[in-house]
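*Asks:* Whole structure, please, built from the sequences with the hints as guidance.
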Amino acid sequence: MKKYLDNVRRIAPLIHNITNYVTANDVANVLLACGASPIMADEEAEAEEITAQCMGLNLNLGTPNQKKIQTMLKAGKMANKRKHVVVLDPVGVGAGSFRRQAAEELLKEIHFDAVRGNISEIRVLASLCESEENSGKGVDADNTDRVTEENLAQNIAAAKMLSQQLKTIIVITGAIDLVTDGSKCYVIKNGNPQMSRITGAGCQLSGILTAFLAANPEDKLQAAAAAVCMMGYAGELAAEKSGQSGSGTYRVSLMDAVSCMDGDMLERGACYEIR
Amino acid sequence: MKKYLDNVRRIAPLIHNITNYVTANDVANVLLACGASPIMADEEAEAEEITAQCMGLNLNLGTPNQKKIQTMLKAGKMANKRKHVVVLDPVGVGAGSFRRQAAEELLKEIHFDAVRGNISEIRVLASLCESEENSGKGVDADNTDRVTEENLAQNIAAAKMLSQQLKTIIVITGAIDLVTDGSKCYVIKNGNPQMSRITGAGCQLSGILTAFLAANPEDKLQAAAAAVCMMGYAGELAAEKSGQSGSGTYRVSLMDAVSCMDGDMLERGACYEIR
Amino acid sequence: MKKYLDNVRRIAPLIHNITNYVTANDVANVLLACGASPIMADEEAEAEEITAQCMGLNLNLGTPNQKKIQTMLKAGKMANKRKHVVVLDPVGVGAGSFRRQAAEELLKEIHFDAVRGNISEIRVLASLCESEENSGKGVDADNTDRVTEENLAQNIAAAKMLSQQLKTIIVITGAIDLVTDGSKCYVIKNGNPQMSRITGAGCQLSGILTAFLAANPEDKLQAAAAAVCMMGYAGELAAEKSGQSGSGTYRVSLMDAVSCMDGDMLERGACYEIR
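Residue numbers (the working numbering), protein chains in the order written: chain A, 4 to 278; chain B, 4 to 278; chain C, 4 to 278.
Since the hints were derived computationally from the structure, they do not count as laboratory data.
Fair warning: there could be bad hints in the mix.
[Said to hold, decoys possible] Distance condition first, Cα-Cα at most 16 Å in a straight line; then the derived EDC-like pairs of lysine to aspartate or glutamate:
hint : chain 1 : residue 1 : chain 2 : residue 2
1    : A       : K163      : A       : D184
2    : B       : K170      : B       : D184
3    : C       : K70       : A       : E47
4    : A       : K70       : B       : D222
5    : B       : K70       : C       : E47
6    : A       : K84       : A       : E52
7    : C       : K111      : C       : E133
8    : A       : K80       : A       : E108
9    : A       : K187      : A       : E276
[Unchecked claim] Derived coverage of chain B by chain A (criterion: at least 3 residues anywhere in the stretch with Cβ under 8 Å from a Cβ of chain A; other residues may be distant):
hint : segment
10   : 92-106
11   : 253-260
[Stated by the list, open to error] Far from chain B by the CB rule (all over 12 Å, computed), these chain A residues:
hint : residue
12   : R13
13   : A15
14   : D29
15   : S40
16   : E52
17   : K77
18   : H114
19   : R149
20   : E152
21   : D184
22   : S186
23   : K223
24   : C263
25   : M268
26   : E270
27   : C274
The C-beta atom is built at its ideal place from N, Cα and C for all residues, glycine as well.
*Replies:* This is the structure:
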């Protein structure tokens, strides 16, 4: 895992984010904290030009609007043309038909290197592929369908299938994280429950993921797994440091942990197996 | 007060926020901190569908624009149709005719379960009802018209009258907070002056208020008072914890205090009388 | 330096910010922390009316869009008409033609009291004046052209020339900061490298700068230098306090340091010479 983070800190990839206004500040700060450089831009008239100068593009469906989806389509096509990394975070895709259709169009028009969501969001994407109905509520994962030891094999198989269908790395985050390219699957057990009691841990990970893929184009699956381990391990360190202080301090400690992590720490702290 | 917070933590109401981009992150985090679940969405094409799935709708007039006001109208009508809780936070309604007209239209088209603002903002709303001019500057309360022990009786009477006119719970926050349904008025003395030296304490309270009303539909006035006591008491605890560290630490401690509060603490800490 | 900060805290100028959604929360909080009062508003229909009631206008080119640029033009003209202070922060102006053209139009239509950027951004503005091409990447300063002891004289001369051309105070921030009105130049050595590892320190300074100019209209150059010293000295104090905790804690400590600073502290901590 060490070299993937080392590469991010050495290369400092410039990442273009078209993202929601709720967690944009967190995403910018976490990209700086992991060694990358962020730019946020969602005006259609400038998106392609900016994407063309960046190493990665991070598309996030939170607080979407019609103009922003058009901008994402333009930027995504430009990134594909330049063979830059593109990541999709389908925030709240289960919340309604607007986001579902947006996700469908983005998946049709753009090749994504990775798609990251919680299990509810990823299931909605899977249902789009199957052209059948599926439910997801809000932006948080539903308890009934989270990944557990009991349904692990089944979820790995589903993630691999979706990865093959969409020809992209699928990253499912939760108590157990899955990262698969359709053949191998990293099962990652880093993380801490407090991460789900603040907003934006998922959006932050999607930013970091984009940076890791951009800085490690030869080993995308491994780099994606390293990004997930880093965020999860940072979540553990933040819990140790902040204790029972509360969610405000936890959020600050999470950023601290990302900014202080180096390759050796990540190597020691990463907790995963390959299936 | 205990049961109203317990209900929020047990029911975890999903709250739809159409809010400003300055404090959206704080509002999302504070909703998670009090046990609710936030979704932010302001695209007209998705607002009704999202509102229909939520238990409460929080409309906040900060950083308004014409499209967002249209979205608020649609979402508010849907929430009324489904008998979901709707709260209005008329941020900076005294800052000009655009926000005043927006507030006027929202109050005409939508039934609100509660309206929360500082005394300057609430006075502007009262003036709209009286179809006469009134002044308010910026988003902060003017010193000249804040609620004090001296003008308390007069402000309670005015708040009750406005509550009757608008058929909604009126929440006026400041050094002394008033919460009234037109007949009873809670006079709440929780809080700390440092809350006014950070941005967003008011927006955060409006989010919490929506969650408390959504989780306690049978006791809206009491639930509203509990929400106000909770935020104020969290402000006191944050001041104790952060001391003279400064406004950055205070803001973090405020979020900590909300996330760590349980029903028993709120019961002990709430400081109010009923008039 | 003391009296410029004292004036901000005494007068509490209301500052209208048309700014990006990434750091809007930080800008609002830092304005409160230095004693000013913020309002954020970017709807064209309300911008002029709000600007007219404020003492200063802060225009920030981050996350721009076509409507926001139109709003900036209207608000800027109103501020000029009322002789209110106007500041431009050309965030990422080197990132593409949309922001370059926006900056060009703003500089043509509006008189700015000060323009603040990093050296890459200011060089792009200089190139606009020379109607020749220039490059700048993203929102971060390029290492190759930062201000150092070696190229100091040359950079001072260039800053003075640009200040004369644009008839505005030029503020260039980096390891060494320059503040010039075309004849005198403050060379400021406050600051800490950790400021560039969080997002928004520049945007925060532009907010503070607007407040200092608004509260000190008789001594704009000195007030601008005081604002830059204050932010830089706060950055030093934050580094002392947060140590190696990481970028989350550093960001909180930076806000703390601004909120705790008084005129005497600034007087003692300011580190500058005049060239």
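*Asks:* Are the hints correct? Go through all of them and say.
*Replies:* So, going through the hints one by one against the coordinates:
no.	hint	in the structure
1	A:K163 / A:D184	7 Å, holds
2	B:K170 / B:D184	8 Å, holds
3	C:K70 / A:E47	12 Å, holds
4	A:K70 / B:D222	42 Å, violated
5	B:K70 / C:E47	12 Å, holds
6	A:K84 / A:E52	12 Å, holds
7	C:K111 / C:E133	14 Å, holds
8	A:K80 / A:E108	12 Å, holds
9	A:K187 / A:E276	10 Å, holds
10	92-106	violated (count 0)
11	253-260	holds (count 7)
12	R13	31 Å, holds
13	A15	25 Å, holds
14	D29	7 Å, violated
15	S40	21 Å, holds
16	E52	24 Å, holds
17	K77	18 Å, holds
18	H114	25 Å, holds
19	R149	15 Å, holds
20	E152	25 Å, holds
21	D184	31 Å, holds
22	S186	35 Å, holds
23	K223	30 Å, holds
24	C263	18 Å, holds
25	M268	24 Å, holds
26	E270	31 Å, holds
27	C274	26 Å, holds
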